[in-house]
Amino acid sequence: MSDAMVAEPSGKVAKRGFGQRPPLILALGVALIVSVSLAICIGAIPLSIGGVLGFAETSSIEQTVLYSIRLPRVVLAALAGAGLAAAGAALQALFRNPLADPGLIGVSGGAAVGAIFMIVFGAGFVAEALMPYFIPLAAITGAAAVTGLLYAFARWFGNFEVSTMLLVGIALNAMSTVAIGGFEFLSDDTQLRTLVFWTMGSYGRATWTTVLPAATVIVIAAGTLVSRGRALDVLQLGEVEARHLSINVDLLKRVTVISAAAAVGAAVAVSGIIAFVGLIVPHIVRLILGPSNRWVLPGSLLLGATLSVLADLVARIVIIPAELPVGLVTSALGAPFFLWLIASARSRA
Amino acid sequence: MIRVTLALGIVGLLAPELGHALECPSLGVDVDRSRIVVAGGSITEILYDLGADERVVAADRTSNYPAAALELPQIGYVRALSAEGVLSQEPTLLLGEDDTGPPEILDQLRAAGLPIAILAEQHDSQGIIDKVRCIGDLIGMPEAAEAYIAERLQPAAERLVAAQSLDKPSGAILLGIRDGTLIAAGTETSGDGLLMMMSASNALGQMSGWKPVSREAMIVADPSFLVIPQRGLDAAGGVEGLLEHPTLKFTSAAKNGRVFAMDGMAMLGFGPRTLGAAAQLADDIRAQEDASSQ
Numbered sequence: 001m002s003d004a005m006v007a008e009p010s011g012k013v014a015k016r017g018f019g020q021r022p023p024l025i026l027a028l029g030v031a032l033i034v035s036v037s038l039a040i041c042i043g044a045i046p047l048s049i050g051g052v053l054g055f056a057e058t059s060s061i062e063q064t065v066l067y068s069i070r071l072p073r074v075v076l077a078a079l080a081g082a083g084l085a086a087a088g089a090a091l092q093a094l095f096r097n098p099l100a101d102p103g104l105i106g107v108s109g110g111a112a113v114g115a116i117f118m119i120v121f122g123a124g125f126v127a128e129a130l131m132p133y134f135i136p137l138a139a140i141t142g143a144a145a146v147t148g149l150l151y152a153f154a155r156w157f158g159n160f161e162v163s164t165m166l167l168v169g170i171a172l173n174a175m176s177t178v179a180i181g182g183f184e185f186l187s188d189d190t191q192l193r194t195l196v197f198w199t200m201g202s203y204g205r206a207t208w209t210t211v212l213p214a215a216t217v218i219v220i221a222a223g224t225l226v227s228r229g230r231a232l233d234v235l236q237l238g239e240v241e242a243r244h245l246s247i248n249v250d251l252l253k254r255v256t257v258i259s260a261a262a263a264v265g266a267a268v269a270v271s272g273i274i275a276f277v278g279l280i281v282p283h284i285v286r287l288i289l290g291p292s293n294r295w296v297l298p299g300s301l302l303l304g305a306t307l308s309v310l311a312d313l314v315a316r317i318v319i320i321p322a323e324l325p326v327g328l329v330t331s332a333l334g335a336p337f338f339l340w341l342i343a344s345a346r347s348r349a
Numbered sequence: 001m002i003r004v005t006l007a008l009g010i011v012g013l014l015a016p017e018l019g020h021a022l023e024c025p026s027l028g029v030d031v032d033r034s035r036i037v038v039a040g041g042s043i044t045e046i047l048y049d050l051g052a053d054e055r056v057v058a059a060d061r062t063s064n065y066p067a068a069a070l071e072l073p074q075i076g077y078v079r080a081l082s083a084e085g086v087l088s089q090e091p092t093l094l095l096g097e098d099d100t101g102p103p104e105i106l107d108q109l110r111a112a113g114l115p116i117a118i119l120a121e122q123h124d125s126q127g128i129i130d131k132v133r134c135i136g137d138l139i140g141m142p143e144a145a146e147a148y149i150a151e152r153l154q155p156a157a158e159r160l161v162a163a164q165s166l167d168k169p170s171g172a173i174l175l176g177i178r179d180g181t182l183i184a185a186g187t188e189t190s191g192d193g194l195l196m197m198m199s200a201s202n203a204l205g206q207m208s209g210w211k212p213v214s215r216e217a218m219i220v221a222d223p224s225f226l227v228i229p230q231r232g233l234d235a236a237g238g239v240e241g242l243l244e245h246p247t248l249k250f251t252s253a254a255k256n257g258r259v260f261a262m263d264g265m266a267m268l269g270f271g272p273r274t275l276g277a278a279a280q281l282a283d284d285i286r287a288q289e290d291a292s293s294q
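Just so you know, the sequences run in chain order A and B. Using the working numbering, read the first sequence as starting at 1 and increasing by one per residue. Using the working numbering, read the second sequence as starting at 1 and increasing by one per residue.
Derived Cβ-Cβ restraints for the label pairs, each shown as a range: (1) B:PRO246 <-> A:ILE342: 32 to 42 angstroms; (2) A:ILE342 <-> B:ASP263: 37 to 47 angstroms; (3) A:LEU339 <-> B:GLU240: 29 to 39 angstroms; (4) A:GLY182 <-> B:ASP263: 32 to 42 angstroms.
Everything labelled a hint here was simulated from the structure, so no lab data went into it. Computed from a predicted structure; not experimentally measured. Beta carbons are placed, not taken as given, at the ideal position from N, Cα and C, and that holds for glycine.
Hey, can you work out the whole structure from these sequences and the hints?
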């Protein structure tokens with residue numbers, strides 16, 4: 001079958017000749033490079049392109065801003081956006097559900113529980129100076145724990161039914177909400193306010209020490225997801241059909257779920273909950289590139305990074321010298337988009 | 001717990017000066033104190049009172065007093081600063097309250113070579129006096145600070161001590177209503193400190209931190225008066241709206257209509273204004289009690 005005919009989850013079939021796609025992917029790549037350049041140069045302290053590239057004189061303050069504040073931040077924004085969007089695209093393909101979002105299977109919630117646990121109770125057994133490292137570690141652990149639970153359920157049920165997994169995800173999310181509520185109640189005033197800002201999401205706390213481990217996880221996980229594009233396309237025909245076409249469906253599901261979990265967990269760990277990137281981006285990419293996951297996954301990677309970097313840029317510059325939480329910007333864009341998706345799904349039904 | 005509180009109260013009566021001095025951070029002599037970014041409303045208030053307002057180049061969102069401070073570039077909320085935003089004001093010094101953060105941002109600022117002084121917080125009269133003294137030392141105006149303390153703060157602190165009595169009315173400090181639930185001060189909060197300063201006891205002293213309070217817990221606590229920031233009161237629909245809230249309806253405070261509202265930072269910021277706020281509240285409550293007992 002030709003991948004241009006695979007039905008898009010929203011039901012439309014976008015037809016694109018094969019030849020159009022490489023230039024479009026290239027355009028997405030250029031857009032990413034442009035937005036990263038803008039994000040590096042624009043900010044409360046403007047930096048010149050020449051200074052950034054080392055052609056012009058820069059003051060030591062500008063050097064510090066560039067290397068210790070802005071670069072790690074832009075790198076984090078790009079990678080977290082890429083990871084969330086690729087995870088979203090993969091999960092939408094896996095569940096054959098256009099509304100699937102990384103938060104859906106409970107991974108974001110699990111990461112949040114891990115991080116919040118560390119914020120509230122960590123002081124008892126972790127030295128203050130180590131907290132910036134232990135919070136991300138705990139979030140990744142939380143995401144991994146949820147993934148493990150999903151995995152255990154899948155084995156217990158014998159068959160990794162998509163609907164079962166969605167329901168388990170709902171239950172796990174409910175459990176996360178309870179745990180977070182409990183931690184909030186046990187937290188003191190200072191911790192509570194940290195939690196509130198953390199759940200809004202921000203790339204502002206990025207430092208190389210927290211960004212690099214998360215970046216490694218995201219790069220590996222997102223790379224794995226992109227490499228599964230073709231298999232995910234075949235899966236759209238149905239599980240039985242995919243098996244007949246010699247796809248190892250169980251392995252595919254496991255790899256997809258675990259990679260998505262790792263990407264989301266690592267992103268949430270360093271930046272808090274950045275909503276809707278995993279939902280919006282794959283949909284826009286399908287409109288541009290058509291429904292084939294071979295193209296949607298790398299396209300989402302690029303566009304996710306671009307949108308996330310631009311959203312962070314907006315968050316940084318609208319109220320200089322203060323800034324908005326970037327989660328607020330992505331939610332402001334994403335929530336109406338989500339409603340539009342539901343409305344268009346209903347009008348087709 | 002009650003015994004400890006009582007014992008502390010008596011100690012407070014007998015030895016008002018006993019509060020230990022707060023540790024004050026020190027800055028190198030070569031630190032330029034000419035362009036100060038402030039995180040924390042009480043610090044801004046003190047800098048303006050000491051006449052150092054020209055040096056303040058930006059302040060955080062809690063710096064709402066004096067009104068002139070609202071004209072300053074605003075660097076966001078004290079606990080959610082932005083490193084670049086602060087640096088863009090070209091500061092030579094950051095003075096912050098003890099909840100200034102997030103810690104990663106402070107690390108970034110230190111790495112950028114910005115001297116940072118974070119002031120310790122103690123929720124009593126001595127804590128306010130120590131804060132002023134510390135700021136005076138930090139900005140190189142110790143004489144002005146001492147004069148200000150002797151003239152403006154010491155008398156107010158002494159009045160508060162003189163008004164201390166063992167007959168403490170029990171009250172509750174509310175932040176406001178969030179999602180239909182009252183948020184009130186337990187122990188180890190600025191609200192609790194305010195109650196101690198005004199010689200009242202905390203009706204919700206069995207919980208610690210700012211917490212949502214259930215209907216039943218509030219009925220059991222039965223505060224005889226309530227204090228709430230003006231903004232929280234407005235959001236709750238004024239005194240009537242607040243007292244209509246089912247959680248408060250059956251308390252003595254609601255029955256007697258004893259609700260006191262004031263600017264949130266004056267009440268809980270623990271700058272110089274908090275001394276005045278505590279004295280004012282103590283007077284108002286006694287006056288109402290006297291009026292109702294006659």
